[in-house]
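A.B. asks: Required output: the full structure, derived from the provided sequences and hints.
Those sequence lines, one after another, are chains R and X.
All the letters of the first sequence, read from the start, carry residue numbers 1 to 294 under my numbering.
All the letters of the second sequence, read from the start, carry residue numbers 1001 to 1420 under my numbering.
Worth flagging that the hints you see were computed from the coordinates, not collected in a lab.
One or more hints might be untrue.
Within a straight-line C-alpha distance of at most 30 Å, the following computed BS3-like cross-link-like pairs (lysine-lysine) qualify [claimed, not checked]:
id	chain 1	residue 1	chain 2	residue 2
1	R	Lys267	X	Lys1182
2	R	Lys267	X	Lys1216
3	X	Lys1202	R	Lys267
4	X	Lys1182	X	Lys1216
5	X	Lys1205	R	Lys267
Listed here are the chains, written in short residue letters.
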Amino acid sequence: MQALFSQLVAGLSLGSILLLAALGLALTFGQMGVINMAHGEFIMAGAYTAFVVQGVVADAGISLLLAIPLGFLVGGLMGLILEATLIRRMYHRPLDTLLVTWGVSLILQQAARDVFGAPNVDVRAPTWLSGSINIGITQVPAARLFILLLAAAAVVGLSLVLKATPLGRRIRGVVQNRDLAETVGISTRSTDRLTFFIGSGLAGIAGVALTLLGSTGPTLGTSYIVDAFLVVVAGGIGQIKGAVIAAFGLGLLQATFEYSTTASIAKVMVFVVIVVFLQIRPQGIFSVRTRSLA
Amino acid sequence: MSARRTRKRLLSGVAVLMVAGLVSAGCGSRVGASGPGGSSASSCVDTSGNSVKIGFLNSLSGTMAISEKTVHDSLLLAADQINSSGGVLGKQLQVISEDGASEPTIFAEKAGKLISSDCVAAVFGGWTSASRKAMLPVFEGANSLLFYPVQYEGLEASPNIFYTGATTNQQIVPALEYLKQKGVKSLFLVGSDYVFPRTANKEIKAYANANGIDIKGEEYAPLGYTDFSTIVNKVKAAGANAVFNTLNGDSNVAFFKEYRNAGLTPAAMPVISVSIAEEEVSGIGLDNVLGQLTAWNYYQTINSPKNAAFVQAFKAKYGQNRVTSDPMEAAYTSLFLWKVMVERAKSFKTADVRKAADGVSFDAPEGTVTVNGANHHIAKTALIGKVGPDALIHTEWSSGAPIQPDPFLKNYDWAKSLTG
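C.D. replies: Quick look at the structure:
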């Protein structure tokens, strides 16, 4: 019974990490259709932001809280630059975008290696986030609970922006029908830029959060990029709720399989489940119905 | 283009990317074919002038650069020191550095280039077993020499390779003996999913079986795996006396953070690791590994004039915040061992050097090491260490004397089943 709850927690926690890593991608890949391989490096940039902030503000708790908005800004600005210089020239050319952004991701990795050195750096966790919290039948590591809450906050925040702000309405309008949106006077250029800024910024937040669990090094992003794409594809392109359900579904599946088999086998089984699922439902869990002709 | 086709193209793009990821992951274990060294045994090493070329082959880019750059640094230090004290046989060493780029096939290719187009007298480097296995046919084909400085899984003895890191009976077996002495009755094995941990764990299980130690569980994580909550849950539920850790690289960071967050402590359930050295402690975070155990043959804290000089010279060249570790020391030592071999042979030729190798010894920072001419490994003292609050590793237990290398574990009854 206790094992069941521990694994439930492990699965939810893994799901929240996947969600945080994939949420920005759900926006840039899902809504805009840009395959951004450098998304993982925006996560890495967020992690290094946490490291740099900790170098300035010694207190681990305050520096973490400061690093979250700063990570968003750093990731977002990097995304903005990438969008303005390269990606905007390649809308409607997804395979070219894939190769170009992959090249950018390699450049960013080597840049991190040159700036911060090849070895991993250590970002200290605040004392209130090390150790576990008892919740009745099982214990939850505090850092994982924090990430779960952060992921929830990010989803709520993003949904509010998309649903209740003029910007969100413009984004949804552009996604549903770019031509019509342009016709009614929405500047699709600036909407694209802002969407990309928010999506990349979310990757930065994910990076800050991941320093609590794993290593902070130049290749941090590569560990998450494939899983993040899996979440978005399985969830259904163009839907935030799809990404949420897919992330927690995959997290729980991985944790369940891993408990009964091994980590390597579990990964294979998750892949198999996704492949089979996409055979039955190629559009993912949810899909946007549009009248778009493009 | 219809919306449906756009989607299909997007999805096929993602498929391409995933296949690319899988292929590049698979490369880690691929053994390269022999490089351009070919099978010609004639050497083109030029010893007529007052200098001689040697090759350093380490990953200066890619995922292994983290570790291999440090080895490269200490090799350069050794070359500097040898050159300023008169060189080898009166000839200055001319170093040619190549980047193995963390890819076994590139290691094989660059080894071939160093041997046949740069005509180096010997090559120093390599880290992963996959890179060594890829280079082995190149060195055997060209009859050239490789000095390999990292602890590994044993079960190999090439006439063209000198192994200056530990083999299993100098690292893993002493670690098990230490744990047994400490009264450990049950172990949990955690490792990365590739050749070294799987082979090491086979040996650990054979030892445990013969010594009444209960193996409570055995878990492998894919290389670069970052979520250890399930594995740590399993470790916690199994309740062994200690954990034997053969994880490699970044996974260690995630594992130790999770271990500590789950409330497991070195006092209650110590973790003994064979891939965490001084260099890794700061990356994992001192708080996460404080008090945990390691098994090596060298620590920066070794108290000897020879080591003090090595550490001081290293810090003077590369900065006061740098640390020295076991593979760095083994690489540094390998260059000096080669120098003694060459000077004893009075020749740079592979056959002469090999003949002169048996019994060559050197007062290394780790203590006196001696080359075993039969299997090309070196006798080393095993040291169990504990991570201290100064982020350095302090010796807890020592085998006392150097242990003769036994890469095929021939002298251990319990290992009979392994080697057949």
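A.B. asks: Does the structure break any of the earlier hints, and which numbers would those be?
C.D. replies: As far as the earlier hints go, only 1 is violated by this structure.
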